[in-house]
Amino acid sequence: MISRRSVLKAVFTGGAIAGLGVMMPKVALAAWNKTAFDTDNQDTAMGALYDSAPAASAEVNLKAPDIAENGAVVPVTVSSSMADVKSIAVFVEGNPNPLAAQFMIPAGTKAEVSCRIRMGKTSAVTAVVETASGLFSASKEVKVTIGGCGG
Amino acid sequence: MAKGIIRAKAKAKNGSTSVKIMAKHAMETGNRKDKKGQKIPAQYIQTMSVAYNGKQVMEAHMGTAVSKNPYLAFTFEGGAKGDALEITWTENTGTSSTETAKVR
Numbered sequence: 000m001i002s003r004r005s006v007l008k009a010v011f012t013g014g015a016i017a018g019l020g021v022m023m024p025k026v027a028l029a030a031w032n033k034t035a036f037d038t039d040n041q042d043t044a045m046g047a048l049y050d051s052a053p054a055a056s057a058e059v060n061l062k063a064p065d066i067a068e069n070g071a072v073v074p075v076t077v078s079s080s081m082a083d084v085k086s087i088a089v090f091v092e093g094n095p096n097p098l099a100a101q102f103m104i105p106a107g108t109k110a111e112v113s114c115r116i117r118m119g120k121t122s123a124v125t126a127v128v129e130t131a132s133g134l135f136s137a138s139k140e141v142k143v144t145i146g147g148c149g150g
Numbered sequence: 000m001a002k003g004i005i006r007a008k009a010k011a012k013n014g015s016t017s018v019k020i021m022a023k024h025a026m027e028t029g030n031r032k033d034k035k036g037q038k039i040p041a042q043y044i045q046t047m048s049v050a051y052n053g054k055q056v057m058e059a060h061m062g063t064a065v066s067k068n069p070y071l072a073f074t075f076e077g078g079a080k081g082d083a084l085e086i087t088w089t090e091n092t093g094t095s096s097t098e099t100a101k102v103r
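Protein chains in written order, with numbering that gives the first Met the number 0: chain A, 0 to 150; chain B, 0 to 103.
Isolated chain B (complex conformation) (with noise of 0.2 Å):
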């Protein structure tokens, strides 16, 4: 399976599943600017949704004030141990991507 930029930690206790998720992402503003003086591109995650079995479970929006590899924190009532969290995530680029995460 090619390696994705989340890395998703998912722990179901007592009846809920609290979710830490961290991308691995510049979240280019567009306002640095590079040696020659350019300003780099803005290259940033717009919206992360996360679901589990189907059901969606949490969706952010984000802006270019979100810091620099996106971190997320969310608890959600139900999940399993080993049932799967889908995380879709996708860029102002366009680029999108769904990464799978396992509940512990």
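Next up, chain A with everything else stripped away, as it sits in the complex (with noise of 0.2 Å):
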């Protein structure tokens, strides 16, 4: 059976593999998820993302601050002790576009990440670890007092 995800793959990479230029990178990439990262509505951003909606696990660990001072720059870091992590997504319910970023974790890496978000308003950030034997998700409320999406 073909997925909806693969078929949405399928579609993009060859726009993403055009866009590379003449330097060939020796690991092929995936392609990036433009439905996903350009919905203004966060299930619709999981559902390009994903087979099926993430369970709330303990074992996911999101680190964000309570209150940002500054909406432009906002401390993420996610982690997982769990086994066969794939993928670690962070989510802003209230952005314009939910999906901030996707991180692939190959084999050997660690999963855990940091990165920086912008919010643009106080707003629930969810992390979604993608493992081998299901998605996993944390979230948190992060209250922002100047919001950084520059609109």
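Since the hints were derived computationally from the structure, they do not count as laboratory data.
A portion of the hints provided could be inaccurate.
[To be verified] Calculated lysine-lysine pairs in the DSS-like style (CA-CA distance at most 25 Å, straight line): (1) B/K38 - A/K120; (2) B/K19 - B/K8; (3) B/K67 - A/K120; (4) A/K109 - B/K10; (5) A/K109 - A/K85; (6) A/K109 - B/K54; (7) A/K62 - A/K139; (8) B/K10 - A/K62; (9) A/K33 - B/K38; (10) B/K12 - A/K62; (11) A/K85 - B/K19.
[Unchecked claim] Cβ-to-Cβ under 7 Å is the rule here; a few derived chain B residues that face chain A: (12) T46; (13) V56; (14) M57; (15) E58; (16) H60; (17) A64; (18) F73; (19) T74; (20) F75.
On a predicted model such as this, the values are computed, not experimentally measured, just so you know.
By construction, the Cβ of each residue, glycine as well, lies at the ideal position given by its N, Cα and C atoms.
Two chains, two frames, a set of hints: combine them into the complex.
As structure tokens, then:
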């Protein structure tokens, strides 16, 4: 059965590879998921990335400030002690585009990433960890005093 | 060698290498307006791939919600001092580049 995900990947791979230019990387990159990044709806973004909904889990560790003084730079660290983590994604529910980033974790890389994201307003930040055995998440409300989406 | 936008620190310790990358990039969302009130076009890094000895150790997909001067930190098993990391980034505009950093 062809999953929706693989169809979407096939459609977007052509565009993504065309943009790589002369320098061909030694490893093939997964296609940047335009549907997931461009949608203004968090559920749609998750649906574009995954085949099912994630289950909240205490094994997903989301570290983010309770209050972000500057919404333009909010430090987030996501880690998980689970085995076989394939990817980690960060969503900001109140953002114009909820999907902030997705990190593919190849075998041999620790399931822990730190990044800095923009938040337009106080909102729930959700980390989704994709493993060989399913999807798990953790959420936290981050208060934002000054929004950082530049609008 | 041309000066790139990637500043990376990679440290090998106790069998793993911790990597901290900062790319100097405005990550324009496309929502900001210039002095004339015109929207500044979106220009942001969409993918960043890091390889060590030809093997991919990280692949980050980013959207406009990643802060200006994107920062990324992660750790992978292995890595030795003196070896090189290859960091390839691609923008929404199609611009792409590969830069290298040494493991300390």
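Each hint tested on the structure:
{"no.": "1", "hint": "B/K38 - A/K120", "result": "21 Å, holds"}
{"no.": "2", "hint": "B/K19 - B/K8", "result": "5 Å, holds"}
{"no.": "3", "hint": "B/K67 - A/K120", "result": "17 Å, holds"}
{"no.": "4", "hint": "A/K109 - B/K10", "result": "15 Å, holds"}
{"no.": "5", "hint": "A/K109 - A/K85", "result": "10 Å, holds"}
{"no.": "6", "hint": "A/K109 - B/K54", "result": "15 Å, holds"}
{"no.": "7", "hint": "A/K62 - A/K139", "result": "9 Å, holds"}
{"no.": "8", "hint": "B/K10 - A/K62", "result": "23 Å, holds"}
{"no.": "9", "hint": "A/K33 - B/K38", "result": "21 Å, holds"}
{"no.": "10", "hint": "B/K12 - A/K62", "result": "24 Å, holds"}
{"no.": "11", "hint": "A/K85 - B/K19", "result": "20 Å, holds"}
{"no.": "12", "hint": "T46", "result": "6 Å, holds"}
{"no.": "13", "hint": "V56", "result": "5 Å, holds"}
{"no.": "14", "hint": "M57", "result": "6 Å, holds"}
{"no.": "15", "hint": "E58", "result": "4 Å, holds"}
{"no.": "16", "hint": "H60", "result": "4 Å, holds"}
{"no.": "17", "hint": "A64", "result": "4 Å, holds"}
{"no.": "18", "hint": "F73", "result": "5 Å, holds"}
{"no.": "19", "hint": "T74", "result": "4 Å, holds"}
{"no.": "20", "hint": "F75", "result": "4 Å, holds"}
Hint check: no violations occur; every hint is consistent with the structure.
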